[in-house]
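Protein chains: 2
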Amino acid sequence: MTTADYERNMILSNVDYKVIGTRPVRHDGADKVTGRAIYGADFDASGLLHGKILRSPHAHARIVSIDTSKAEALEGVKAVATTADFPQKDGNKWLRDNILASDKALYAGHAIAGVAAASPHVAEEALALIEVKYEVLEPVLTTQEAMAEGAPILHEGLTTQELGEDSGVVSNTANHFQHVKGDIGKGFKDADVIVEREYDTKTVHQGYIEPHSGTALWGPDGRLHVWCSNQGSFVVRDSLADLLDMPVSKIRVTPTEIGGGFGGKIPIYVEPVAAILSKKTGAPVKIVMSRKETFEGSGPTPGSNIKIKLGAKSDGTITAAHAWMAMEAGAYPGSPVGAAAQCVFSTYDIENALIDGYDVVVNKPKTAAYRAPGAPNAAFGMEQAMNELAGKLGMDQIDLRLKNVAVEGTRRPDGPVFRRIGAKEVLEAMRDHPHYQTTKPDGHGRGVAIGFWFNIGFDSACNIAVNSDGSINLTEGSTDIGGSRTSIAMHAAEVLGIPVEDVRPSVVDTDTIGFTAVTGGSRTTFATGWAAYEAAQDVRTQSIERAATIWDVNPDSLDMEDGVISSKTDSELKMTFKELASQMSDTGGGITGRAAVNPKGVGGSFAGNIVDVSIDGETGKVTVERFTCVQDVGKAIHPSYVEGQMQGGSVQGIGWALNEEYFMNDQGNMANSSLLDYRMPTSLDLPMIDTVIVEVANTGHPFGVRGVGEANIIPPTPAIANAVSDATGNIMTQLPLTPGAVLESGK
Amino acid sequence: MTTADYERNMILSNVDYKVIGTRPVRHDGADKVTGRAIYGADFDASGLLHGKILRSPHAHARIVSIDTSKAEALEGVKAVATTADFPQKDGNKWLRDNILASDKALYAGHAIAGVAAASPHVAEEALALIEVKYEVLEPVLTTQEAMAEGAPILHEGLTTQELGEDSGVVSNTANHFQHVKGDIGKGFKDADVIVEREYDTKTVHQGYIEPHSGTALWGPDGRLHVWCSNQGSFVVRDSLADLLDMPVSKIRVTPTEIGGGFGGKIPIYVEPVAAILSKKTGAPVKIVMSRKETFEGSGPTPGSNIKIKLGAKSDGTITAAHAWMAMEAGAYPGSPVGAAAQCVFSTYDIENALIDGYDVVVNKPKTAAYRAPGAPNAAFGMEQAMNELAGKLGMDQIDLRLKNVAVEGTRRPDGPVFRRIGAKEVLEAMRDHPHYQTTKPDGHGRGVAIGFWFNIGFDSACNIAVNSDGSINLTEGSTDIGGSRTSIAMHAAEVLGIPVEDVRPSVVDTDTIGFTAVTGGSRTTFATGWAAYEAAQDVRTQSIERAATIWDVNPDSLDMEDGVISSKTDSELKMTFKELASQMSDTGGGITGRAAVNPKGVGGSFAGNIVDVSIDGETGKVTVERFTCVQDVGKAIHPSYVEGQMQGGSVQGIGWALNEEYFMNDQGNMANSSLLDYRMPTSLDLPMIDTVIVEVANTGHPFGVRGVGEANIIPPTPAIANAVSDATGNIMTQLPLTPGAVLESGK
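Sequence lines, in order, name chains A and B.
Read in order, the letters of the first sequence are residues 1 to 747 in the numbering used here.
Read in order, the letters of the second sequence are residues 1001 to 1747 in the numbering used here.
If you are wondering where the hints come from, they were derived from the structure by calculation, not from laboratory data.
Cβ coordinates follow ideal geometry from the N, Cα and C atoms, glycine included.
There's no promise every hint is true.
Said to hold, decoys possible - If the Cβ cut is set under 10 angstroms, some of the chain A residues that face chain B in the computed set are:
(1) Ile456
(2) Asp459
(3) Ile464
(4) Thr475
(5) Ala531
(6) Gly617
As the list claims (entries may be wrong) - Computed Cβ-Cβ distance ranges for the label pairs, DEER-style:
(7) Ile209(A) / Ser1290(B): 42 to 50 angstroms
(8) Glu75(A) / Asn1665(B): 53 to 61 angstroms
(9) Asp570(A) / Gly1157(B): 44 to 52 angstroms
Take the sequences, apply the hints, and build the full model.
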């Protein structure tokens, strides 16, 4: 699509759509509610072997030796894999070591070796026969510990990147970067009021229902086929290609259905081990994690230590802002502090801002993405600081935000200038909402907060084939986590003027569709939907041309609207898409469409919450009494799924706010690695999550779509903290807001 | 592809190809030789039920009643299906009745009812509990019996179509048609020599190794998913849509690998029954035929009764030819006599010709296609008559054929005028071959024969996605019976100038590719290869455009050859396809290609045999001592697979010539329905089949391809008969040439 095309086709959200904005039943619904859908662990193959993984009991230890001989000798054991089985290439040691540790175990749960056996029980038995000699070291479990003078060092070869330069200093701080806008020294000097505070958040897990699992078959022709539940089969393919030093085209990844991911199923864990074990045995090998392994051996989102300092004029204009953020990368560098830094001040138009980000390794599992990764941590600080500032200024908390809100043209401290955005519209919708306009019940606390998350573009592909009955088959490569088959199909249906029930979407494997990036970054409906839009335009163009051939007229004299091709000049010439479809074969062959896009017109999304809480005075238990989520979604393709995303993100935020944390002992062992002890909210813990969809069209997308999947998890933690503060009068600087923490907060 | 495009792109067989004409290893080879490939009966699903089919023991009977109550009551039986379970719509009664009989059983083996049960054994037990009351009728088993005055009538409502008009006469002759060219009365009057003889051939089976099988799952959303081994998943979809009165888009057919088809796996048998049983039970139902069921319940190729009369001048010029051909349709109209009539005289340029065709129903399984269906029967007569004529004229048998051979511009008696063909080149290659030039050993007989078969076009689709490593994934919908994944991939590789190992072809289901017609009619490499050619051209065009964008030059100034894009004017501008592929994402997104074609430029193929036989004087057993197969293939994309087709067709022809037949008793029961008794040739029965590929490019295809799969089965029966005649001095008018028949022939 050229810019000119795009401008020609651009349709903003006030258009009278036929399909977009409706709420059809999802195409994969029947398969899922009847249990027919195949998830990762459901996969089976003849001669299947079962793999299990030995994990380190120590959070920090040197691995002196691994002796697998007794395990290999056990009857029923077919192969054992260690990290030595991977190609020892340069550049991916950390990635490789996180799959199977080499010189050091860096967290309790770190994978050490894999076993393939005829049954999972034999494999488990064999794990106990693997003899690993550890030299146990002292662990560091928080950024504070890790950054302390004289802290135990995780990686002897890791030197700090200091503002883009290698400092040469060995430390647990992998990277320190800054974003600078204006002059905060001057800004704070100009301020009438200053607030400054430090906040801590704990490590939390995405809590997807389905643990990780994958099956690999390494063929005798040197081709690897992997079936797994993951957020992007092409990402799995790329990771495997890197780890196994193979060309991507030698690897085929078939996605199964996925039971939740939230970012945590972007990385791979068991698949490379299964691949190695399959290569050794010639048989397919399946590995399924337990819940405990999922907690201890996959990637949670980091705990963090954040300092926010804000200065403002007495009229509420923020003159300066400083964020100092250190985030746990886990065992290997790569926390989401970079994204946090891009989001922390981005709701506001602040003249002078400084953001310091620290990426710090600690003896916990390597962090992975979790819905707007980093942004909830940052907002927990920033949005509490905003409320504290409002308190000091005696301003309404929403008015203060509106006074400083970012709009089209605002430059973010990290550089980009916003195109059309909906932060103001979200805040106005919050302000005008009956929830905010209603006096809170006695004894309740009320808080608000808002958060920003960009969405990404990246590659997506789509193919369409027209059936003789006028329906179309649509093929795409995006893992469908939350209904994206249907939202993507709706794009094509709208373009062709056919009901979405006449579109059959299929998510196919990496051998049978163009490269499609991960389902994540709020990109799927945006980018793969765009690909569907383009592929449907390809079909539309050919349909008009075909009709022109049939009628022997110039294609330019024809148009296609609402599924009818007609002449602009001759009212006799009219044919439905269905009629054309039935004639395709005889008039030149079938019609198929294709598109591969990497769209640049991404549009960020803002989400805000209004939350009422009550607090049990005796126990300190916080109950969320009322919860309203407002989000600018650009254009809601399928409003029910948008609302589902808003509610889902809100609930995850509530869990994060009130209960969830990796509860670790001093040795770095997780004490609550089951869903009984790691307490995620259930429906009994929750009020109805009211949703308000705001539609400020993204001018960068043909239908005005913004990515909606993530922003909604950002405001709950500060909004709830603000509500608790409102009820107790105490500022809450630590997550989670457990009953104990609430009781303690006043002391 | 417009005609202009085609002419621009047309490359005839003398071009210096890089990939076309080489012999790469097939992409699916490892899966197949290691047993990993999934065939129809391998398919499994959770909750799978097993279906079995009750079949009529009578060749001709009225069905008075079917009582399924006892079967339904058997423990473990989940459902029973009869023809009443199908929508009783107009227009498909014969098709429906052949799946499950309604008022009459028309052959021994005719399916009556289906049972689904928890195990195949229970299902089998239940069959015995179904009570069918038959009124047994006298069967007719050959066209002679069926056409006889007063013959028992199979279909009371069937009236003969007589030269295009409904005669109103109820009979077993469904259709009598004629092709007339010139005036045979005058032609025979002008003849110096006339030969006239009657020939009979028996019913034979394709003998594919894998019996029919299929699994169906009728979802609660009303969508039907079928997994089966078939020659065309879209054909299965269309047939099911017709039988079940559903839109095609509600049906998904996933092709498994196929263990041979040869035309016999174009129709469906068990799939609709499995679908009905699945609808009734909500569970997936699998039905696998036994070998006996495959013989008795699927579609063999017909027995036939053929009269050939030829007249010629003494110089060998044929002045007139008359073919009278009656073929068994089996239980329902639709024998391949139509195709036989299009082929019988098409090797020759004959001024006066008359062809009479009779489509006759008999009490045998409904006939199905078998490699060049009808043509071997016709050639058995025609090519023996040609030898008899050569004998009478004292001419060399190849010289007589060359004297009359059809060439470009020859009009066939059925109408079409040949474009460039290779009949003459095949005959010349035969004449000049060392086999023909070498004196035959003492006591051996030598025969020659030639046959013609057209190839069809029809719809095919192909998608291509470029991988970042410069390889491509190719998706197509053609069942791969004989290596077509690779031959199709070679088209794309040639266009893009990449090794075929860099193409990964996948055969996908009906939901994920454009409509693709059956693998049959010698069309797959021709038409789906053409689609691959076009899809690769789509990729090529975009690759050039992308390079132009990167270099900021006009695309017209660039060219792409041997996998390198370069400027016609600036020698600095050069980039391999691989280099471009690695930059796709950042320069506008991925590159994908698509094509859907219905090519018209089909090119017929001629195949000829030279055969030496020895005959055991005591037993009459014929041994094929030397066998040469010559075929015009247009352009051999993958010569090994072409040779494989030539050898395979030859061997099937040898089996048909010497051993194979449905051996039936008077009641119409097959007495040899196992592969022990139905004697197909094994490698021990065969000499090496020498192959000679002749390449007379098809001017209707970009690479000059002709369909090669079928013509090779036509000449063996007459060539062997001619060889036996040469050895014995007796003309062989009946197939098979069993030892008994050979001994009898002189008497």
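Hints, verified against the model:
1. The closest approach between the C-beta of Ile456(A) and any C-beta of chain B is roughly 13 angstroms, which is over the 10 angstroms cut-off, so the hint fails.
2. Checking Asp459(A) against chain B by beta carbon gives a least distance of about 5 angstroms; that is within 10 angstroms, so the hint holds.
3. Below 10 angstroms, beta-carbon pairs count as interface contacts, and Ile464(A) has one with chain B at about 9 angstroms; its hint therefore holds.
4. Restraint check, Thr475(A) versus chain B: the minimum CB separation of about 5 angstroms is within 10 angstroms; hint holds.
5. A hinted interface residue such as Ala531(A) counts as satisfied when its beta carbon comes closer than 10 angstroms to some beta carbon of chain B; here the least separation is about 9 angstroms, so the hint holds.
6. Restraint check, Gly617(A) versus chain B: the minimum CB separation of about 51 angstroms is more than 10 angstroms; hint violated.
7. The beta-carbon spacing between Ile209(A) and Ser1290(B), approximately 44 angstroms, falls within the hinted interval of 42 to 50 angstroms.
8. Take Glu75(A) and Asn1665(B): their Cβ atoms lie about 57 angstroms apart, and the range 53 to 61 angstroms holds.
9. With their beta carbons about 46 angstroms apart, Asp570(A) and Gly1157(B) fall inside the hinted range of 44 to 52 angstroms.
Violated hints, in rising order: 1, 6; the structure is consistent with all others.
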